[in-house]
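Engineer: So the chains spell out like this:
Number of protein chains: 2
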Amino acid sequence: MNKTDLVYHIRRKRSFLCVGLDADLDKIPKHLLAYKDPVFEFNKRVIDATKDACVAYKPNIAFYECLGNKGWESLEKTLDYIPDTHFTIADAKRADIGNTSRKYARAFFEHFDFDAVTIAPYMGSDSVLPFLEYEGKWVILLALTSNKGSRDFQFLESSGKPLYQSVMETAQSWGTPDNLMFVTGATHPEKFKELRQIAPDNFFLVPGIGAQGGDLKAVMKYGMNEEVGLLINSSRGIIYAGGDSTDFEQQVGAAARDLQGMMVF
Amino acid sequence: MNKTDLVYHIRRKRSFLCVGLDADLDKIPKHLLAYKDPVFEFNKRVIDATKDACVAYKPNIAFYECLGNKGWESLEKTLDYIPDTHFTIADAKRADIGNTSRKYARAFFEHFDFDAVTIAPYMGSDSVLPFLEYEGKWVILLALTSNKGSRDFQFLESSGKPLYQSVMETAQSWGTPDNLMFVTGATHPEKFKELRQIAPDNFFLVPGIGAQGGDLKAVMKYGMNEEVGLLINSSRGIIYAGGDSTDFEQQVGAAARDLQGMMVF
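Taken in sequence, the protein lines are chains A and B. So the first sequence is numbered by the working numbering: it starts at 671 and just counts up by one. So the second sequence is numbered by the working numbering: it starts at 671 and just counts up by one.
Derived by calculation from the structure, the hints in this document are not laboratory data. Mixed in with the good hints, there may be bad ones.
Just so you know, same-sequence chains aren't split out, so a pair can sit in one copy or run between any two.
What the hints assert, rightly or not - In the DSS-like style, the derived pairs of lysine-lysine whose C-alpha atoms are separated by at most 30 Å in a straight line are: (1) K673 - K747; (2) K714 - K697; (3) K740 - K807; (4) K740 - K714; (5) K818 - K831; (6) K740 - K697; (7) K740 - K706; (8) K747 - K700; (9) K863 - K831; (10) K747 - K706; (11) K721 - K891.
Just chain A, same shape as in the assembly (with noise of 0.2 Å):
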């Protein structure tokens, strides 16, 4: 999907909310348990029961990839079952050396159709390149991340400007707003000014509302751009909001459409 049409979502459904689909067998509705393939039971409903309030998806593929083969069949599926009019993002944050790194690309972006990888900067150019090289596919490139360890790295200041700011300018010479994005936590509010000032024109996937506590407000109010330029992700304050009730998916889709009810543009 091209950024005119992410808009276009974004706009006819007067939302930003990216949901993310990090099926925990130890967390689900245990009625689900008895399926053959619970995850994707799960995702499915989390699906249906989420799409008319959100416009991304976000697997987080550790999540599947703990569960050896039947995880990447559940996977398959979930994506299968995604309405095209839903941007896909592999949350995976990948990279490694050129060779190997269109490794990934090509299991991302061919064996599954995924719009957007998300990818970790550390090992520079060659290691994002290979992801970029893909036409109306995108790269998110982590860069103030949601985490507590955010701190440890990222912070460093380097002639003046702290890694995250030295990885999303650098990161602009290999990519354009139309194929990079950026990954900024949203428990780092107070830096949103700062972060819209480094990329005016990249959208950011935001984490960290939610279970981690982040500030969608100030996100919203520092965040936006002229095309919105955010994208919200939650995971387990959506997809865990029923509990364990037979019929969560009714608390599933309200706590999504109380995000997106707090998304005013």
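Given the coordinates of chain A, work out where chain B should sit on it, guided by the hints.
Structural biologist: Here is chain B on its own, set in the frame of chain A:
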């Protein structure tokens, strides 16, 4: 495998060679494509040909992930086939928020039973610690990588220290030389004296010999410590040494023995 056993195998075999099992369907000998699982058939022959000359095997996960379910099956069979006397490394370069890194740790240490996994440091402590919590397992953290893109961010200086140094120093408060190694690329041979000073007791996994043009002699001269402290990886230089020939195993074995022969200690 713990450090005592790893050092025992290194000394007994007079080898600290790691063979990278990066099987690529476009590059393996064509006669193997007739088999049901060409990747496994190739790996099996490479393992048979090299196991007396090396102490470790390192499948790069990208090469399996890009094949979907079939790739994961090939990887499982390959892991089962590697003798218990050999240290196994999942070259995965993973890391995510703590909650998610736990899933990756489960994938590589429980679903598969790898001894070690390579980890990207950008997301900091909580992205790495879940891997270190596994008794008897290892984290191999990216420090100074072998690729061209290593120059983009890893040399950025903060308080007079390049980023790779900050990573290596900080990570030594997370793990010990008994569960933490660093990736240090052979394409930066002039840095090994300094790298060894930063982490005197940790093993280094050294890629970049062979296809990437690294300098083995300089790495050995400055990188060794009293427990040897090095695992030198070669992937393409060994596994594709036999080209398309039906008895490619001969040259694969010879290439491994050639590298082993250069390991004087």
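Engineer: Looking back at the numbered hints, which does the structure fail to meet, lowest number first?
Structural biologist: none
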